[in-house]
Amino acid sequence: MAEPIEAGHLLRDDDLRVVDGLGPVEILVGVCGLNQARTVVQVVEAAAGGLAGPLADRKAGIVVVEAGFAHETLDAVGGWLAGRAPRPPVCCIRIAGPPGRSRAILGALAVVQRLDPAACALVDAGLVSLTSAGLGRLVQPVLDGQADCVGPAYTHAASEGTLTTNLLAPMCGALYGRRIQQLLGGCAGLSGRVATRLLGTAAGGSDLTGHGLEIRLALDAIVSGSRIVEVHLGRKTLDPGLAPPDLATTIAHTVGPFFRLMDRYRAFWSEGGASAPVPLIGDPPAILPETGEIHLDRMVRAFKLGLKDLLPVWEQALRDETLALLYPLGLLSADEFVFPAAHWARTAFDFAVADHEQRLPRDHLLRALTPLYLGRVAAFLREAQAGTPARIPAILADVGMAFEAEKAGLAARWR
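Last residue of the sequence shown? That's 420 in the working numbering, and every number before it is there in order.
Quick caveat, the hints were computed from the structure, so don't treat them as lab data.
Where hints are given, some of them may not hold.
[Unchecked claim] Restraint-style ranges between C-beta atoms, simulated for each label pair:
#1 Tyr332 - Arg367: 39 to 45 angstroms
#2 Ala399 - Ala87: 50 to 56 angstroms
#3 Thr242 - Ser338: 32 to 38 angstroms
#4 Ala339 - Gly392: 17 to 23 angstroms
#5 Pro249 - Thr136: 22 to 28 angstroms
#6 Ala138 - Leu252: 30 to 36 angstroms
#7 Pro345 - Thr136: 36 to 42 angstroms
#8 Ala90 - Glu165: 38 to 44 angstroms
#9 Gly278 - Thr136: 54 to 60 angstroms
#10 Glu276 - His300: 38 to 44 angstroms
#11 Thr327 - Arg269: 37 to 43 angstroms
#12 Pro345 - Asp25: 54 to 60 angstroms
#13 Gly102 - Pro398: 38 to 44 angstroms
[Said to hold, decoys possible] Pairs of lysine to aspartate or glutamate, EDC-like flavour, derived with a Cα cap of 20 angstroms:
#14 Lys64 - Glu50
#15 Lys313 - Glu326
#16 Lys309 - Glu320
#17 Lys309 - Glu326
#18 Lys313 - Asp325
#19 Lys309 - Asp340
#20 Lys64 - Asp149
#21 Lys64 - Asp25
#22 Lys313 - Asp302
#23 Lys309 - Glu341
#24 Lys309 - Asp325
#25 Lys64 - Asp121
#26 Lys64 - Asp18
Each residue gets a CB set at the ideal place from its N, CA and C atoms; glycine is no exception.
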């Protein structure tokens, strides 16, 4: 388990001098990097354009916070800054310690605490789809007093973001009562007050691996009663930087923190009722037709291999009645494969209980979820292909309802 990070240790004296050079600001944009030299300048330019447009009358600043093991990200920004005096001003700092995206976010929050802006935006240095207009949409609801937290909603095809649409989002809606479209959207707008409070909450946390902090900030905003809205930002394109993780690692770094936070917020989710959507500002995002080939046969094959090779793990993670529902699926071909939403919700929550009870080494358990997830995605995409894109929201609504139906049983087993 990682050691807790104290926020006061994030910014060194030379960092404080650098960020103080931005002066008092009403809007601060924190660009959070983890070895993303090839994209960071594009993101900074988009942020600067957003602050120079309709928001030009607001005093603003941009801080690039790098938490990787190399200096190329800051070197790229430094090269871009050479010979120019950008408006708004841009500065760069590097957070010492083990590389991690959570450390970059904590560093940006610490700068927010230092400069005390009315509104801030946290943006991943790989979010190349961010536009100047999109940056404005993230902070304007905060400046207008409409919201404390602003998240993105993206246009996407059915095959894009399935870890969110088929697992993270329905779990969040079922447990915490708010149907957030993106727990890991790559950007967020926050009031300075909320950002400072989140820093105090997050800095004392012990799990800052993977995407743990991003998930924690989203859930804390819900639990604390913050006013949350979403804005449509078009289609999402995010460059993960060097050595993007494989699927099993991604699941471990996203689903794992979500499961662990269920202990922290149990008093909230065990008493909650039905879910409600988060208000959306602007037009709703569209579901796009598929343009590339989808290999359902590979996903189904991975599920069947899991049923063969990982059965000893699944037997420890799943209840007998849940496992009994999976055996028949191993006999289905890709053309007829199904994995009903109700079965999937029960499977996912069984894994959450197994993680809570520490029945197996955590990483081993979470990676064993991968073939099951691929089976669910294959079934979802096969169902999506059978209809039109307009049908997909109804399919995903059924997934959310399936998770909500399993919530009472989950709460009863959580000890």
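Results for each hint:
1. Between Tyr332 and Arg367 the C-beta distance comes to about 26 angstroms, which lies outside the given range of 39 to 45 angstroms.
2. In this structure the hint that Ala399 and Ala87 lie 50 to 56 angstroms apart at CB holds, the actual value being about 53 angstroms.
3. For the pair Thr242 and Ser338, the beta carbons lie near 34 angstroms from each other, so the given range of 32 to 38 angstroms is met.
4. Between Ala339 and Gly392 the Cβ separation comes to about 18 angstroms, which falls inside the hinted range of 17 to 23 angstroms.
5. The hinted range of 22 to 28 angstroms is satisfied by Pro249 and Thr136, whose Cβ atoms lie roughly 23 angstroms apart.
6. For the pair Ala138 and Leu252, the beta carbons lie near 33 angstroms from each other, so the given range of 30 to 36 angstroms is met.
7. Separated by about 39 angstroms at the C-beta atoms, Pro345 and Thr136 satisfy the suggested range of 36 to 42 angstroms.
8. One distance hint, 38 to 44 angstroms for the beta-carbon pair Ala90 and Glu165, holds here, with the actual separation near 39 angstroms.
9. With their beta carbons about 37 angstroms apart, Gly278 and Thr136 fall outside the hinted range of 54 to 60 angstroms.
10. Taking the beta carbon of each, Glu276 and His300 are about 43 angstroms apart, inside 38 to 44 angstroms as hinted.
11. In this structure the hint that Thr327 and Arg269 lie 37 to 43 angstroms apart at CB is violated, the actual value being about 25 angstroms.
12. Here the CB-CB span from Pro345 to Asp25 is close to 57 angstroms, well matched to the stated 54 to 60 angstroms.
13. Checked against the given bound of 38 to 44 angstroms, the beta carbons of Gly102 and Pro398, roughly 42 angstroms apart, stay inside it.
14. In summary, the hint linking Lys64 to Glu50 is supported, as the alpha carbons are separated by about 17 angstroms, within the 20 angstroms threshold.
15. Restraint check: the Cα-Cα separation between Lys313 and Glu326 comes to about 18 angstroms, which is no more than 20 angstroms; the hinted pair holds.
16. Annotation: proposed proximity of Lys309 to Glu320 holds, straight-line Cα distance about 15 angstroms (limit 20 angstroms).
17. Distance restraint check for Lys309 and Glu326: the Cα-Cα separation of roughly 19 angstroms lies within the 20 angstroms cut-off, and the hinted pair is therefore satisfied.
18. Distance check on the hinted pair: Lys313 and Asp325 sit about 16 angstroms apart at the alpha-carbon level, within 20 angstroms; holds.
19. Restraint check for Lys309 and Asp340: satisfied, since their Cα atoms lie roughly 14 angstroms apart, inside the 20 angstroms limit.
20. Distance hint between Lys64 and Asp149 is fulfilled; the C-alpha atoms sit about 15 angstroms from each other, no more than 20 angstroms.
21. The straight-line distance between the Cα atoms of Lys64 and Asp25 is roughly 14 angstroms, inside the 20 angstroms bound, and the hint therefore holds.
22. In summary, the hint linking Lys313 to Asp302 is supported, as the alpha carbons are separated by about 17 angstroms, within the 20 angstroms threshold.
23. Distance check on the hinted pair: Lys309 and Glu341 sit about 14 angstroms apart at the alpha-carbon level, within 20 angstroms; holds.
24. Among the hinted pairs, Lys309 with Asp325 is consistent with the structure: their alpha-carbon atoms are about 18 angstroms apart, no more than 20 angstroms.
25. For the suggested pair Lys64 and Asp121, the alpha carbons sit about 12 angstroms apart, so the restraint of at most 20 angstroms is met.
26. For the proposed pair Lys64 and Asp18, the alpha carbon gap of about 24 angstroms is over 20 angstroms, so the pair is violated.
The structure fails hints 1, 9, 11 and 26 (numbered hints given earlier, in ascending order).
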